[in-house]
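Which chain is which? The protein sequence lines are A and B, in order.
Quick note: the first sequence uses the working numbering, first residue 1, plus one each step.
Quick note: the second sequence uses the working numbering, first residue 1, plus one each step.
The hints are simulated quantities; they were obtained by calculation from the structure and are not laboratory data.
Do not take every clue at face value.
What the hints assert, rightly or not - Computed cross-link-like contacts, DSSO-like style, restricted to lysine-lysine with a CA-CA straight-line distance of at most 30 Å:
1. A:K183 / B:K130
2. A:K183 / B:K111
3. A:K108 / B:K130
4. A:K183 / B:K208
5. B:K5 / A:K183
6. B:K27 / B:K74
7. A:K183 / B:K106
8. A:K108 / B:K27
9. B:K27 / A:K183
10. A:K183 / B:K74
11. B:K12 / A:K183
12. B:K15 / A:K108
13. A:K108 / B:K12
14. B:K27 / B:K5
Please read these numbers as outputs of a predicted model, since none were measured by experiment.
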Amino acid sequence: MSNIQNILFRYRMKQGAQKIIVYLMILIIIAVVVFPFYWLITTSIKFEGDMQTFPPIFFPARTTFQHYIDVFVKSGIGKNLRNSLVVAVSTTFLSVLFGSLAAYSIAKSYLARKFRTGFLVAVLVIRIFPPVVTTMPYFLIITRLGLYDTLISMIITYVAYCLPFVIWLMLGFFQEMPHEIEKASIVDGCSVWQRFYRISLPLTLPGLATTSVFCFILGWNEFLYASVLTSQNAKTLPVVIASYISDQRIQWGPMTATGVLLVIPVLIFAIAAQKYLVRGLTFGAVKG
Amino acid sequence: MAEIKLEHVTKKFGKVIAVDDFNLTVKDREFLTLVGPSGCGKSTTLNIIAGLEDPSSGYIYIDGDLANVKHPGKRNIAMVFQSYALYPHMNVFENIGFGLRVRGMKKDEVKKRIEEAAELLGIDDLLDRKPRELSGGQRQRVALGRAIVRDPAVFLLDEPLSNLDAKLRIQMRADLRLLFERLEGTVVYVTHDQAEAMTLSDRLVIMKDGLVQQVGPPAEVYDYPANIFVGGFLGSPTMNFINCSLEKRDGSGFLKTDDFEIKLNDKQISAIDKTASSNELVIGIRPEDIRIGGEGCTISCKIEVIENMGSESIYYFRVGERRIVATAERMDDSIGGRQECRIGFNMAKLHVFDRKTEQAAF
Chain A
1 MSNIQNILFR
11 YRMKQGAQKI
21 IVYLMILIII
31 AVVVFPFYWL
41 ITTSIKFEGD
51 MQTFPPIFFP
61 ARTTFQHYID
71 VFVKSGIGKN
81 LRNSLVVAVS
91 TTFLSVLFGS
101 LAAYSIAKSY
111 LARKFRTGFL
121 VAVLVIRIFP
131 PVVTTMPYFL
141 IITRLGLYDT
151 LISMIITYVA
161 YCLPFVIWLM
171 LGFFQEMPHE
181 IEKASIVDGC
191 SVWQRFYRIS
201 LPLTLPGLAT
211 TSVFCFILGW
221 NEFLYASVLT
231 SQNAKTLPVV
241 IASYISDQRI
251 QWGPMTATGV
261 LLVIPVLIFA
271 IAAQKYLVRG
281 LTFGAVKG
Chain B
1 MAEIKLEHVT
11 KKFGKVIAVD
21 DFNLTVKDRE
31 FLTLVGPSGC
41 GKSTTLNIIA
51 GLEDPSSGYI
61 YIDGDLANVK
71 HPGKRNIAMV
81 FQSYALYPHM
91 NVFENIGFGL
101 RVRGMKKDEV
111 KKRIEEAAEL
121 LGIDDLLDRK
131 PRELSGGQRQ
141 RVALGRAIVR
151 DPAVFLLDEP
161 LSNLDAKLRI
171 QMRADLRLLF
181 ERLEGTVVYV
191 THDQAEAMTL
201 SDRLVIMKDG
211 LVQQVGPPAE
221 VYDYPANIFV
231 GGFLGSPTMN
241 FINCSLEKRD
251 GSGFLKTDDF
261 EIKLNDKQIS
271 AIDKTASSNE
281 LVIGIRPEDI
291 RIGGEGCTIS
301 CKIEVIENMG
311 SESIYYFRVG
321 ERRIVATAER
331 MDDSIGGRQE
341 CRIGFNMAKL
351 HVFDRKTEQA
361 AF
């Protein structure tokens, strides 16, 4: 009996030690991921003099919201915030709408497999080019079209960039749908459009959630095209943040306050969609 | 209700011929079953009637109208699928009424029809539930409800019982039969289960490799199979097949095997002479038509295994190199394994097939 007890004790100790190591690793990873956001938030409420001290102040004893007041009231960031929202929401809506429609038609069409594969490869090629390679051509096209410094120019650009991802992810979801559900809706009298929006779309909510979050993040955070294609009227928040860096100094306070503002909507959106996100992300990795 | 006519319907998938020159008329209010092994083309035929597949050639008429050019939603058919195909994001009420709402029916009328169908099927207390909250049998009833509310001319059912457990399947078989008798519908039913086909149908269509093997009422097809495939497909345990050859001597005809011979009457010999291509034949005898022991049993054998099924037993006999299966009422337990005994065939129920063409002589 004592031998069995010894074996059980050593087994439990081993399990306990393994658990501690795993939890420690998880804590370290969480700390690494969360720390930048924590530093962003704390810096945004620090006084200027406390921002670049050594050793760094991790837990500020005194705080101020002056940077937020400077950003909202003095800098008039409301217009840039509106620009970012319009661009991100429009990008998300249009990308998900047209991407889903494209994916649905590819999934359900009678095209030969060869043609379908070629089309999908062509769509994916769009994403292979680094954005910096197409920045100048985009600039030339946009200015020739008279769309420089307009929200439309960015929406068009971002939608083109998001569509391949939406098509590929949603295609997997539509292909996974049982054929018999589709057949049942045909027998019930549904047209193609009715089958799409009444049956297929509701069943692919995880895919819609994932692609929506991805498109929103891209539209909200994108900097390169926004800095090239805008100047005053259509400037978005990432460009505003970059403007706080000059050759003379970096305005850490307003920059971090604007950074916090930049993070919050995406955080809210992701929290709202998280129920579907896990399924959407893991599924998308397998099908396509 | 409606008559369905299929004329020279063929369906090819590349080089594979799934349905080959299918000709059939389903009478108004008839319960017709397409039965056969997997891959025989029965589901493809059903999908062609529904309009979910276009035939490679041929014509489909529903109630006299050419259906080839009609969208499935316009053919006045309703379909129940093997997996039920309920819409997971809708509750039972919405699932049943979906087809009616798509057609623009008024809400009050939709509600009325749904409630009537739910009461008929015994699912009126499940209307708020989602499909994932239902058992297999309940889902099947919801799928039936979705078909019934449409009041279609034709019901198409694609193996609706195959996902149920054995006990529930038997119960649902009877319920289905009663339901469609009450609805007085024209029904085309697909199954691979020959017991289901036999019990539900007014007529059977037995298919193999895209071709129709035989069409007829269950009793006729069971008692007079057209070929070896039909004989072996219907009935459980399956029909015994024994190779033999016809030998004529002393003015009589005999079916001779390696281990025994059977004397034929004049009518049987005449039937063989008319239809068989040679003297190489196959005896077909159903397990229930084999007598065990008693007068007239002349075939020596040894009992290998006895399976006690409760009210009856299945006997596996060794006759020479072959095994013959028989069923009989449970005998007393004094008859055990490895016993020598004698069996005999009910000559009125004997079948003979041409070994080359596999067609029945009688």
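Status of the hints after comparison with the structure:
no. : hint            : result
1   : A:K183 / B:K130 : holds, 20 Å
2   : A:K183 / B:K111 : holds, 24 Å
3   : A:K108 / B:K130 : holds, 26 Å
4   : A:K183 / B:K208 : holds, 25 Å
5   : B:K5 / A:K183   : holds, 22 Å
6   : B:K27 / B:K74   : holds, 20 Å
7   : A:K183 / B:K106 : holds, 24 Å
8   : A:K108 / B:K27  : violated, 35 Å
9   : B:K27 / A:K183  : holds, 25 Å
10  : A:K183 / B:K74  : holds, 14 Å
11  : B:K12 / A:K183  : holds, 20 Å
12  : B:K15 / A:K108  : holds, 22 Å
13  : A:K108 / B:K12  : holds, 20 Å
14  : B:K27 / B:K5    : holds, 9 Å
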